[in-house]
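Colleague: Sequence:
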Amino acid sequence: MAIAAERFTALDVFRGITICFMIIVNAPGSGATVWAPLDHAAWFGFTPTDLVFPSFLFAVGNALSFSKKKLETDAAFIGKILKRTVIIFLLGYVMYWFPFFHRVSEGWEFNALGNTRIMGVLQRIALCYIFGALIVHYCSLRTVVIITALLLIGYWVFLIQFGEPGNIYTMLGNAGTKLDIVILGNNHLYHDKGGPIAFDPEGLLSTLTGIVNVIGGYLAGAFIQRKGKNYEAVAKLFIYGALLIALALFWGQFFPIAKKLWTSSFTLLTIGIDLCILGLLIYVIEVEKVKRGTGFFLTFGKNSLAIYLLSELLLTTLQMLWVAPGLSFYEWINRVFYQRLFPGALGTLVFAICYMLLCWLVAYAMDKKKIYIKI
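Each residue of the sequence shown is one higher than the last, beginning at 3 in this note's numbering.
A portion of the hints provided could be inaccurate.
As the list claims (entries may be wrong) - List time: in silico DSS-like cross-link candidates among lysine-lysine, alpha-carbon distance up to 27 angstroms:
(1) 180 to 293
(2) 85 to 293
(3) 291 to 238
(4) 70 to 229
(5) 291 to 229
(6) 371 to 293
(7) 70 to 180
(8) 370 to 293
(9) 293 to 82
(10) 291 to 372
(11) 85 to 291
(12) 70 to 85
(13) 372 to 70
(14) 82 to 291
To be verified - Restraint-style ranges between C-beta atoms, simulated for each label pair:
(15) 289 to 96: 36 to 44 angstroms
(16) 234 to 147: 18 to 26 angstroms
(17) 148 to 339: 49 to 57 angstroms
FYI, nobody ran anything at the bench for these hints, they're computed from the structure.
All values derive from a computational prediction rather than experimental measurement.
Every residue gets a Cβ at the ideal spot worked out from N, C-alpha and C, and that includes glycine.
Assemble the whole structure, with the sequences as input and the hints as a guide.
Modeller: See below:
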């Protein structure tokens with residue numbers, strides 16, 4: 003049982019890398035077309051940015067495999083995950099409600115709760131975490147695999163059976179959007195750039211497949227604890243990852259890969275890629291003992307939730323502050339600085355990296371002062 007208690011730096015680095023890129027892809031500069039890899043696929047397809055969010059869910063599952071105690075009572079376990087779920091969900095809700103006011107022609111107007119988005123990134127993390135934790139806690143490995151298959155296949159069947167005929171995978175015709183409108187209401191969904199179209203990429207139905215990303219991360223974490231830091235573990239992670247990628251590409255011929263629908267093929271593809279990335283990190287960091295450069299990402303990983311929240315709230319603030327009528331500080335600094343020095347898509351990338359480094363400095367200061375915010 004000594005292996006189970008062993009710390010894997012590679013897992014902490016994986017989490018830190020995920021937070022690093024979550025900040026970068028969520029803060030592309032303005033004033034030019036966003037650098038293509040920093041943008042999500044328009045609908046079907048896959049870009050590096052599409053990997054970031056599912057990788058965070060995968061990291062949540064990894065962490066769960068280390069934090070779950072075998073001798074923990076059911077009451078203690080449920081109390082712990084319920085507390086975390088509620089806090090993370092509410093933080094996500096408040097994050098989308100922030101800054102609680104918006105500009106109108108006469109000044110400022112309160113953001114009514116009746117128009118606040120209910121679902122979102124942290125809300126999905128919370129729901130996937132609690133359901134994933136309950137499944138791996140109460141079910142045998144065989145049952146976990148069966149439930150995983152049912153979630154993936156069941157989601158596909160639901161979209162086919164209840165989507166709009168001929169438009170089952172479209173933004174407005176898919177069954178997930180219809181379910182969100184019925185249960186949550188049009189005003190509580192995501193509206194891109196404040197437009198009239200209600201579609202939530204973190205909706206209720208596609209949360210089912212998001213749960214599988216958490217389960218995948220948990221199983222990967224449990225696997226490397228059993229196998230340890232060796233070539234066999236690395237090889238098997240690559241093999242399993244390659245098999246899932248191949249299965250995803252095959253399934254994608256019938257059920258297209260689409261992040262915004264979080265299709266089952268997308269889920270398998272992201273888990274497969276994450277397994278390969280994790281295998282590479284374990285090989286480099288744990289087997290070959292190459293530690294140089296890991297400190298940067300470890301700093302992010304030590305306060306991952308706090309730094310993610312900071313990055314989102316600060317970005318919203320920069321977009322709300324005006325340096326001139328109708329010109330936000332966010333747009334201004336991109337226009338007068340980044341786009342002048344680095345015209346075009348390169349400027350959007352440089353801004354995103356600089357913004358990420360600003361958040362890293364906060365994480366570094368917190369680490370130096372031993373400030374760690376845990377839930």
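Colleague: Going back to the hint list, which numbers does this structure go against?
Modeller: 1, 2, 7, 9, 11 and 14
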